[in-house]
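Peer 1: Chains as they are written, first to last, in the numbering used here: chain C, 1 to 150; chain L, 1 to 240.
In silico DSSO-like pairs for lysine-lysine, Cα to Cα no more than 27 Å straight-line:
#, chain 1, residue 1, chain 2, residue 2
1, L, K172, L, K222
2, L, K172, C, K125
3, L, K25, C, K125
4, C, K120, L, K172
No wet-lab data here; the hints were simulated from the structure.
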Amino acid sequence: MGLVLAAEAGQVHLTSQTRIVAAALALVFMLMILELIRRDRLQERYSVIWFVAGLGMLAGAAFPGLLEVFANLMGVRNTNVALFSIVLLLLLGLALNFSVIMSRQAAQITRLAQERAIEKALAEKRAGGANGNGSSGQQALEPEEERLEG
Amino acid sequence: MRTLVFIPAWNEEAALAGVIADVRKAIPEADLLVVDDGSTDATAERAREAGALVAALPFNQGLGAALQTGYLYALRNGYDACAHLDADGQHPAEEVARLLAEVTADRADLVIGSRYHAGAVAASGDYRPTFSRRIGTSVFRFFLTLATRQRFTDTTSGMRAANRRVMALFSKHYSPDFAEIESLQLAVRQGLRVEELPVRMLERAGGSSFLTPLRSAFFIFKGLVVLLVGQFRPRHVEAE
Chain C
1 MGLVLAAEAG
11 QVHLTSQTRI
21 VAAALALVFM
31 LMILELIRRD
41 RLQERYSVIW
51 FVAGLGMLAG
61 AAFPGLLEVF
71 ANLMGVRNTN
81 VALFSIVLLL
91 LLGLALNFSV
101 IMSRQAAQIT
111 RLAQERAIEK
121 ALAEKRAGGA
131 NGNGSSGQQA
141 LEPEEERLEG
Chain L
1 MRTLVFIPAW
11 NEEAALAGVI
21 ADVRKAIPEA
31 DLLVVDDGST
41 DATAERAREA
51 GALVAALPFN
61 QGLGAALQTG
71 YLYALRNGYD
81 ACAHLDADGQ
91 HPAEEVARLL
101 AEVTADRADL
111 VIGSRYHAGA
121 VAASGDYRPT
131 FSRRIGTSVF
141 RFFLTLATRQ
151 RFTDTTSGMR
161 AANRRVMALF
171 SKHYSPDFAE
181 IESLQLAVRQ
191 GLRVEELPVR
201 MLERAGGSSF
211 LTPLRSAFFI
221 FKGLVVLLVG
231 QFRPRHVEAE
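The whole structure should be built from the sequences, with the hints applied where relevant.
Peer 2: So, in structure tokens, the structure goes:
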């Protein structure tokens with residue numbers, strides 16, 4: 001092919017073919033996200049980060065010079081190394097983001113399980129189950145009770 | 001003065017009935033709740049047969065979540081004091097009664113039963129810690145004392161009594177991963193009066209300890225991380 005599209009310094013080894021493929025992939029990727037949202041398989045609030053990733057891909061394909069800029073900022077000579085580093089960091093950030101979401105949901109699930117356990121126990125008690133507990137007038141929710149954080 | 005004694009239980013069908021009978025005898029005035037932490041055996045049935053109310057978590061959540069369920073139940077239902085003990089028969093109920101007495105006399109907000117405290121007397125059949133347990137205990141003892149500037153001898157004791165201030169705190173914040181130690185650190189940092197009382201503990205009646213050397217090492221590592229992070233938490237929980 002030999003069609004090396006050098007931005008400024010001829011260090012970016014992206015042919016126009018790779019750029020087209022990358023841009024197409026980015027577009028397909030973003031369409032996939034839209035479709036997932038449309039089918040209720042992905043919530044909007046979790047889609048933002050993926051759109052940003054898709055736009056990043058698109059920007060990288062459209063302006064190969066960007067990569068050069070990033071490589072210089074990172075002090076990396078080889079733009080390929082810079083590319084892989086950026087993608088890796090991005091994935092790392094995404095994984096961390098999911099761990100945070102997962103932790104929050106785990107806390108919510110735990111609280112839900114606790115609420116259900118308490119409700120069932122109270123219902124059992126009201127039904128006059130096998131409990132010999134004496135003074136047990138039920139009280140409404142206490143004001144001092146605080147909600148689970150997050 | 002309304003008192004709740006709760007027992008977190010995970011697959012403890014063998015020892016649970018005995019523990020419940022023991023509590024009924026030693027603390028007859030208290031209401032009794034068994035928090036069944038997703039047991040796959042007959043734990044809940046044994047508890048009901050023994051006349052205890054059962055709060056069953058739908059799946060195993062770990063000791064921290066089970067204990068928090070107890071504190072939440074106590075808080076919601078207006079109990080003035082609560083206590084919990086292990087379901088495996090290591091904790092004599094008359095010792096739990098002594099912890100409760102400290103709380104009801106308002107000498108402390110949270111009282112821990114310590115098997116290592118200088119005042120604890122050893123008799124035959126009493127609790128003897130294993131080697132890895134002893135190492136873990138001394139590591140935690142050192143770091144928790146460092147973190148709280150208060151001397152603790154038995155950081156992982158599952159025998160405790162508490163008042164409403166503690167219920168309110170623990171029903172909101174209770175680490176599912178490292179309940180025992182972080183809760184102590186948290187309580188001290190919130191300015192609560194935490195006290196240790198020397199108690200007798202027995203060898204376990206049923207089941208086996210989950211601690212193997214590798215697990216112990218991981219347990220210790222996790223505990224240190226939790227303690228370190230806990231030092232950077234705000235001192236007072238802001239009112240909502």
